[in-house]
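Chains as they are written, first to last, in the working numbering: chain A, 12 to 318; chain B, 3 to 464.
There may be inaccurate statements among the hints.
[Claimed, not checked] Under the rule of at most 30 Å between Cα atoms (straight-line distance), these lysine-lysine pairs were calculated in the DSS-like manner:
(1) B:K201 - B:K39
(2) A:K252 - A:K299
(3) A:K165 - B:K362
(4) B:K362 - B:K274
(5) B:K102 - B:K274
(6) B:K26 - B:K39
(7) B:K362 - A:K205
(8) B:K430 - A:K159
(9) A:K252 - A:K205
[To be verified] Chain B residues, not near chain A, derived (Cβ > 12 Å throughout):
(10) L94
(11) L346
(12) G349
(13) Y351
(14) T356
(15) A369
(16) L370
(17) T413
(18) R457
[To be verified] Partner residues are not named here, just some residues of chain A that face chain B (Cβ under 7 Å, in silico):
(19) V147
(20) P164
(21) S166
(22) Y168
(23) I177
(24) L180
Hints are computed from structural coordinates only; laboratory data are not their basis. It should be emphasised that the depicted structure is a prediction, and the values quoted were computed from it without experimental measurement. Backbone N, C-alpha and C fix where the C-beta goes; we use that ideal spot for every residue, glycine too.
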Amino acid sequence: MSNEAAIMEAPELQSEPRRIEDATAVQEPAAKRDEPMMMDEEQEGKGHTVGDITAADPVISVRNCNVHYDDTCALKNINLDIGRGEVIALIGPSGCGKSTFLRCLNRMNDTIDSARITGTFNLYGEDIYAAETDVVLLRARVGMVFQKPNPFPKSIYENVAYGPRIHGLATSRAEMDDIVYGSLERAGLLDELKSRMDDRGTSLSGGQQQRLCIARTIAVNPEVILMDEPCSSLDPIATAKIEDLIDELSRNYAIAIITHSMHQAARVSRRTAYFHLGRLIEVDATDKIFTNPGHRLTEDYVTGRFG
Amino acid sequence: MQISTLILLLAAVLIAVFWLGRDKAIRCAGGIGSVRKLHSLPGYYGYYTAIWCGIPGLILIGLWFMAGDVLILQQITSQLPEHLRQLPGPELSLVVNDIKNMAAGQFINPARIGELSDAAEQYTNLQDASRWILAWSMLAVVCLGFGWAWSRLSPGFRARNRVERVMKTGLILASTLAVFTSVGILFSVVIEAFRFFQKVPVADFLFGLNWSPQTAIRPDQVGSSGSFGAIPLLFGTLLISGIAMLVAVPLGLMIAIYLSEYASRKVRSWVKPLVEVLAGIPTVVYGYFAALTVAPLLRNFGESLGWSVASESALGAGLVMGVMIIPFVSSLSDDVIHAVPQSLRDGSYGLGATRSETVKRVVLPAALPGIVSAVLLAVSRAIGETMIVVMAAGLAANLTINPLEAVTTVTVQIVTLLVGDQEFDSTKTLAAFALGLVLFVVTLILNVIALRVVRRYREQYE
């Protein structure tokens with residue numbers, strides 16, 4: 012019933028949410044957008060994000076992003092820019108939609124049948140979800156590092172060479188060697204692994220595996236790197252190494268990192284975005300978020316007073 | 003008192019005893035409210051009591067089944083008339099059978115009716131008596147067990163640990179039963195095969211190129227002495243299995259890849275069971291499908307090309323067998339491919355790989371050991387398959403690699419060797435056991451390899 016109602020209302024809406032998976036049910040949240048009073052009363056901001064969502068030199072810019080899994084709404088009206096050369100930390104309690112948001116940026120949600128995504132997602136002004144966008148090229152430009160290290164059960168060399176190989180980035184063995192060794196070098200792994208290139212990627216320690224996954228990602232030379240809790244299964248020493256690496260990489264790449272560690276967010280990021288129950292509550296400079304947050308929910312979360 | 007009544011009674015007693023034991027435990031603890039004072043849950047005390055009654059009772063029944071009848075028959079034969087007692091073993095056992103039949107009132111041997119009617123009557127009486135003895139001794143045993151268990155029940159008694167130990171022993175017994183069965187089968191096959199190798203040298207059997215097991219049935223009959231070279235049979239088996247695998251492996255793998263990587267959940271839930279139906283079709287049905295449908299098709303097709311195709315060809319049997327084996331490969335591979343962690347696929351997609359690149363370069367290599375073992379299991383199934391080959395591939399033991407000719411396999415020859423009137427110790431019959439042993443060894447080796455591969459695969463992920 013509500014779907015039909017939403018379709019009837021659709022022509023009156025000012026924006027045109029893009030329909031990706033399902034043609035019938037996507038406009039409902041858009042309809043809600045005009046009625047901020049319907050939102051949870053506890054949310055003081057009435058759904059408007061506090062702080063500055065824009066970046067000076069945006070690589071990715073997202074507007075009016077809504078995501079549904081079947082009947083549940085995972086993200087409501089998210090607007091956010093990710094700027095060139097910046098590290099943005101996405102924080103928030105579990106299930107708040109951080110990962111969903113991140114996975115929208117390189118269309119990893121395409122592999123989930125029940126996900127329906129609306130809104131505009133631009134990468135350097137090009138629409139990520141446009142029909143003519145090639146997912147393969149998109150994912151080469153927007154790389155991803157996952158929560159659990161997931162090296163392929165191949166040799167270390169082959170793990171890094173995988174991406175360049177499927178995208179045809181190297182024409183000769185020597186070129187491939189350059190890419191592989193260069194990526195491992197940038198991931199700070201080359202010295203450790205130089206003599207073990209034929210060992211299996213799965214035989215490394217957890218921290219090395221995760222850095223191998225980062226090397227694998229940067230081997231295809233992406234413009235953006237998305238990291239979904241890359242340190243959650245690592246010990247403090249391996250975490251420190253990854254954080255140094257993120258620092259290093261941020262000179263060349265735009266990086267979005269999800270983390271549950273406030274300290275990590277404070278250490279590595281320039282901006283921080285706080286998600287709560289599918290809404291983007293606040294975005295601002297990391298210093299400001301952690302010292303003088305503009306929203307009560309953000310303050311509760313960063314001070315650990317949550318719940 | 004019938005044995006079945008006795009067993010039912012025992013079951014009823016056990017249930018009663020369980021509640022008695024449980025009840026006593028609760029009372030010892032001081033009511034249902036203070037059950038926590040007990041070491042174990044009250045039910046365990048009940049089980050403990052029931053075990054002490056039930057297991058001795060069951061052992062007694064088992065002993066009675068094994069020894070009771072033997073003892074009675076000994077008693078009876080010792081009282082038979084002198085001329086019957088002096089009969090040689092086999093004839094004596096015929097007499098004993100007559101007594102049994104008479105006692106059961108089924109068939110009465112008219113020649114012996116006078117001599118044996120006393121014995122038959124005595125047999126009935128003794129059987130009756132033995133059942134009563136069993137019943138009373140069971141009562142005694144159950145009471146003793148109950149008394150022992152009852153005397154030990156106290157709040158601090160560790161009933162749970164003891165019951166668990168009995169459970170564990172039961173499980174171990176169940177698994178040893180399976181092991182002993184296969185050891186027993188192997189043992190019997192090995193002994194018969196050994197007798198065969200006393201008549202035909204091992205080397206002749208394993209490396210001989212000629213198989214024609216026709217031997218004279220009677221001493222006065224004119225007939226060949228037979229030649230038992232297993233090579234044509236092994237070769238035929240390999241040829242047909244090979245054709246079957248050529249069909250089953252690519253098709254099965256493609257089905258598995260489609261089901262696990264491409265199909266939506268709905269399609270998968272329909273297609274997978276449908277494919278598995280193939281495994282449920284009786285092999286006889288496949289057999290006449292091969293003989294009556296596929297073989298004529300192949301022959302006509304071959305003739306139109308100017309080839310001569312035997313009406314019972316290895317190709318026809320192999321093709322149909324391949325279809326039969328498809329679900330083995332597809333189902334097992336599908337499970338294995340499904341078990342490849344989603345994180346690996348995510349990693350590959352995240353780097354911009356397409357679905358087919360992900361399948362070819364990440365999923366299949368990761369699943370390869372499991373797929374190999376699935377294929378090996380399918381091979382051992384193909385080698386052991388009989389019915390299709392009997393009906394579609396013929397009996398001619400040709401040593402050929404031409405799939406259009408008739409060949410025969412180890413299993414088919416075992417069937418033909420054992421069908422027909424032959425003495426059980428003739429070379430021809432014994433050859434079947436030697437072939438069985440060969441088959442057993444080959445499939446065993448394949449299974450061991452498959453298990454090894456699976457184990458290595460398991461070590462790789464968690």
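Against chain B, is I177 (chain A) within 7 Å by beta-carbon distance?
-> holds (5 Å)
Going straight from one Cα to the other, do K201 (chain B) and K39 (chain B) come out at no more than 30 Å?
-> Violated. K201 (chain B) to K39 (chain B) sits at ~73 Å, over the 30 Å cutoff.
Double-check Y168 (chain A) for me: the hint is only fine if its C-beta lies closer than 7 Å to a C-beta in chain B.
-> violated (14 Å)
Does the CB of P164 (chain A) sit less than 7 Å away from some CB of chain B?
-> Holds, because the Cβ-Cβ distance from P164 (chain A) to chain B comes to roughly 5 Å (cut-off 7 Å).
Should the label of L346 (chain B) as a non-interface residue stand, given a Cβ cut-off of 12 Å to chain A?
-> violated (6 Å)
Given hint K274 (chain B) paired with K102 (chain B) - CA-CA distance at most 30 Å | violated (55 Å)
Has the given pair, K165 (chain A) with K362 (chain B), been kept, meaning a C-alpha gap of at most 30 Å?
-> holds (13 Å)
Closest CB-CB distance from L370 (chain B) to chain A, is it above 12 Å?
-> At about 9 Å from chain A, L370 (chain B) fails to clear the 12 Å cut-off, so the statement is violated.
Is R457 (chain B) truly not at the interface, in the sense that its beta carbon sits beyond 12 Å from all beta carbons of chain A?
-> The assertion about R457 (chain B) holds, with a minimum of 16 Å to chain A.
Chain A versus Y351 (chain B) - minimum CB to CB distance exceeding 12 Å, so not interface | Non-interface label fails for Y351 (chain B): nearest chain A Cβ at 6 Å, not farther than 12 Å.
Hey, is T413 (chain B) genuinely clear of chain A, shortest beta carbon separation above 12 Å?
-> holds (38 Å)
Return the status of the interface hint for V147 (chain A): holds when the least beta-carbon distance to chain B is below 7 Å, violated otherwise.
-> holds (5 Å)
Comparing the model with each earlier hint shows violations of hints 1, 5, 8, 11, 12, 13, 14, 15, 16, 21, 22, 24; every other hint is respected.
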